[in-house]
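J.: Chain by chain, the residues:
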Amino acid sequence: MTGHYLVLSAILFTIGAVGVLIRRNAIVVFMCVELMLNATNLAFVSFARMHGDLDGQIIAFFVMVVAAAEVVVGLAIIMAIFRSRKSSSVDDANLLKY
Amino acid sequence: MSGAVGEAMSGAVAAGAHQTGESAIFWILAVVSVAAALGMILVRKAVYSALMLAAVMFSLAVLYAVNEAPFLAFVQVIVYTGAVLMLFLFVVMIVGVSSTDSLVETIRGQRVAAAVAGIGFAVLLLVGFGHAALPRATGLQEANGNGGNVMGLARLIFTKYVFAFEVTSALLITAALGAMVLAHRERLTPKPTQKELSIRRVRSGRVSPLPPPGTYARHNAVDMPALLPDGSMSELSVSPVIARRRTGTHEDLRGETPEVAARHETATVKAVVEQSVEVEEDETK
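In the order they appear, the protein sequences are chains A and B.
According to this note's numbering, the first sequence is numbered sequentially starting from 1.
According to this note's numbering, the second sequence is numbered sequentially starting from 1.
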């Protein structure tokens, strides 16, 4: 059954990666990053079961903690950009371009 | 002896039943989560994306529970579907629910290139997994045995991973501080006090609140001005934004424009008011 979970995790990760590439709303891009993190968590949890020890679950737990911290800071950055530029599109934040 | 054999057999039977139940749950949730994930990246509105992500995370929580990780399943529901997605929805509401992505590509051919890259990446990963020789899952009965899953995790966190755990606390504090600093906005003008507000209000010439639309009128649409007790129209009752774009007709005005209808109603109210005044005068006689 581990293989099934790994394939599902790979598919979800790929969907998240494609979403990061094609979406331009910064919030949705962020959601896709979260989806990728969750997909890796699924792989960790199924590996933990395959090997019969809990280390994989610990790593998944730490990934969740880091993801929560990342979401807090990332959404604060999106809010700050939205306040100054009135847009949440990743294409509009190009102040360093020229 | 025979008891031990019977126990082992019933254990094996239970494991088999567990296996079929697990594959049923897996296939249902795999379809649901992949469909929701695809919907998340294809739907144009950010709110729908957030709700689709909630579906994905919830099905992943159930998959964790099936994978003998009950603690992580609960943490997934509490932290992800509870806290993180609420935060996402909060920001979506602040930024604007109606904000949708425009469909114009800023980089030409980006979507096609992204799709090709995604398919290539998926094929790479899946071929890699296909070649991997995965052993039979050992199961976590032994690891979860001594005090359960939560005890096992706690034992690892506070012994082998205690340093990482401490660093995590520093990370969380830094993130909280960072969010506070980033979300903080410096006030450029001093906040008006209650006294200043009341002085401003008295000086503005109108102390009472504005009349609501539809007072003494036969229509309660927001673009129909209120009729004052003497029968005159009060333009103050219509929001200036609506008054500026007041066009077209209402269904219940029988083809009249709002202005004409309002004038007719003014006349009606005036007639009624004068009549009642006459009646009152009669009564006083």
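A few of these clues could be false.
[As the list claims (entries may be wrong)] Chain A is faced by these chain B residues, among others (derived, beta-carbon under 8 Å):
{"id": "1", "residue": "58"}
{"id": "2", "residue": "62"}
{"id": "3", "residue": "88"}
{"id": "4", "residue": "106"}
{"id": "5", "residue": "125"}
{"id": "6", "residue": "131"}
{"id": "7", "residue": "143"}
{"id": "8", "residue": "176"}
[Said to hold, decoys possible] No farther apart than 16 Å at their CA atoms in a straight line, the calculated lysine to aspartate or glutamate pairs in the EDC-like style are these:
{"id": "9", "chain 1": "B", "residue 1": "270", "chain 2": "B", "residue 2": "223"}
{"id": "10", "chain 1": "B", "residue 1": "160", "chain 2": "A", "residue 2": "53"}
{"id": "11", "chain 1": "B", "residue 1": "160", "chain 2": "A", "residue 2": "70"}
[Said to hold, decoys possible] Covered stretches of chain A (chain B as the covering partner; in silico rule of three or more C-beta atoms under 8 Å from a C-beta of chain B):
{"id": "12", "region": "27-35"}
{"id": "13", "region": "41-49"}
Derived by calculation from the structure, the hints in this document are not laboratory data.
Glycine included, each C-beta is placed from N, C-alpha and C at the ideal position.
J.: Now, for every hint given, state plainly whether the structure supports it.
T.: Outcome of the hint check:
The closest approach between the C-beta of residue 58 of chain B and any C-beta of chain A is roughly 11 Å, which is over the 8 Å cut-off, so the hint fails. Given hint, residue 62 of chain B at the interface with chain A, is violated; its Cβ is 11 Å from that chain's nearest Cβ, farther than 8 Å. Here the hint on residue 88 of chain B is kept, as its CB sits about 6 Å from the closest CB of chain A, short of 8 Å. For the restraint placing residue 106 of chain B at the interface with chain A, the shortest Cβ-Cβ distance is roughly 5 Å, inside the 8 Å limit, so the hint holds.
Of the supplied interface hints, the one on residue 125 of chain B holds, with its beta-carbon coming within about 4 Å of a beta-carbon of chain A, less than 8 Å. Because the beta carbon of residue 131 of chain B sits about 11 Å from the nearest beta carbon in chain A, more than 8 Å, this interface hint is broken. Hint on residue 143 of chain B holds. Least Cβ distance to chain A is approximately 5 Å, under the 8 Å limit. Here the hint on residue 176 of chain B is kept, as its CB sits about 7 Å from the closest CB of chain A, short of 8 Å.
Annotation: proposed proximity of residue 270 of chain B to residue 223 of chain B is violated, straight-line Cα distance about 21 Å (limit 16 Å). Between the alpha carbons of residue 160 of chain B and residue 53 of chain A the distance comes to roughly 13 Å, so the proposed pair stays at or under 16 Å and holds. The straight-line distance between the Cα atoms of residue 160 of chain B and residue 70 of chain A is roughly 25 Å, outside the 16 Å bound, and the hint therefore fails. With 7 residues having a beta carbon nearer than 8 Å to a beta carbon of chain B, the region 27-35 of chain A meets the requirement of three or more and the stated coverage holds.
Here the region 41-49 of chain A counts 6 residues with a CB under 8 Å from a CB of chain B, which clears the bar of 3, and the coverage holds.
Going through the hint list in order, the structure does not satisfy hints 1, 2, 6, 9 and 11.
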